[in-house]
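Asker: Make a model of the complete structure from these sequences and hints.
So the number in this note's numbering is just where the residue sits in the sequence shown, counting from 1, plus 1.
Source of the hints: derived by calculation from the structure; they are not laboratory data.
Check each hint, because a few of them may be wrong.
[What the hints assert, rightly or not] Pairwise CB distance ranges (calculated):
{"#": "1", "residue 1": "R167", "residue 2": "R92", "range": "17 to 25 Å"}
{"#": "2", "residue 1": "Y42", "residue 2": "P17", "range": "17 to 25 Å"}
{"#": "3", "residue 1": "P115", "residue 2": "E48", "range": "33 to 41 Å"}
{"#": "4", "residue 1": "H33", "residue 2": "R92", "range": "18 to 26 Å"}
In this text, a Cβ means the ideal position worked out from N, Cα and C, and glycines have one as well.
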Amino acid sequence: MGSPDGSGPASRLTYPEVGATRRWPLPAGYRHLRVRTHVGYGRAAFEAVGRAVMDWRMHRAVGVAIRAADPVATPGRSVVVGLGAGPLRLRAPCEVVWTVAEDTRTGFAYGTLPGHPERGEESFVVSLEPDGSVVLTVTAFSRPDSWFSRAGGPLVPRFQRAYARRCGRVLRRWA
2 MGSPDGSGPA SRLTYPEVGA TRRWPLPAGY RHLRVRTHVG YGRAAFEAVG
52 RAVMDWRMHR AVGVAIRAAD PVATPGRSVV VGLGAGPLRL RAPCEVVWTV
102 AEDTRTGFAY GTLPGHPERG EESFVVSLEP DGSVVLTVTA FSRPDSWFSR
152 AGGPLVPRFQ RAYARRCGRV LRRWA
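Answerer: As structure tokens, this is what we get:
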């Protein structure tokens with residue numbers, strides 16, 4: 002398990018660059034994703050949207066199943082993201098590697114565990130910008146770690162980008 006702040010060793014995680022979604026540039030050797038979406042305006046919107054990110058409501062509203070060890074994203078705790086339905090549901094085990102809860106930033110990142118079809122990390126951070134805008138930034142680096150994600154080729158990054166955009170659209174409900 003990684004250290005609570007994501008800076009220490011992470012023997013269960015399937016990639017060595019734990020916590021790298023906190024900074025830019027992202028590590029070499031992976032596909033990179035960074036999608037920023039305006040989701041609202043003002044302090045109340047920031048707080049509402051931040052709660053929806055941290056308590057998994059955003060993920061569930063996007064249409065993925067979430068099985069989490071805690072009701073809110075907590076460093077060092079596992080979460081299984083389920084994509085699809087029925088017997089075709091893909092289970093993607095992750096671990097929350099860092100969280101942020103500041104006056105103008107709220108969010109978390111999770112990293113991949115064995116059994117995940119990809120290898121890497123993804124963060125979901127809501128920020129209250131100086132002009133009062135509320136923005137969701139989804140940042141990720143990943144590469145295939147299963148035959149079916151390799152077979153997906155160029156479709157996988159398109160799916161990831163569409164997922165990030167959908168997260169932003171869903172958050173507008175709580176803004």
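Asker: Each of the hints needs a verdict: does it hold here or not?
Answerer: Here's how the hints hold up against the structure:
1. R167 <-> R92: 17 to 25 Å: holds, 20 Å
2. Y42 <-> P17: 17 to 25 Å: About 39 Å separates the Cβ atoms of Y42 and P17, which means 17 to 25 Å is violated.
3. P115 <-> E48: 33 to 41 Å: Taking Cβ atoms as reference, P115 and E48 lie about 36 Å apart, which means the hint holds.
4. H33 <-> R92: 18 to 26 Å: The hint (18 to 26 Å, Cβ to Cβ) holds, given that H33 and R92 are roughly 25 Å apart.
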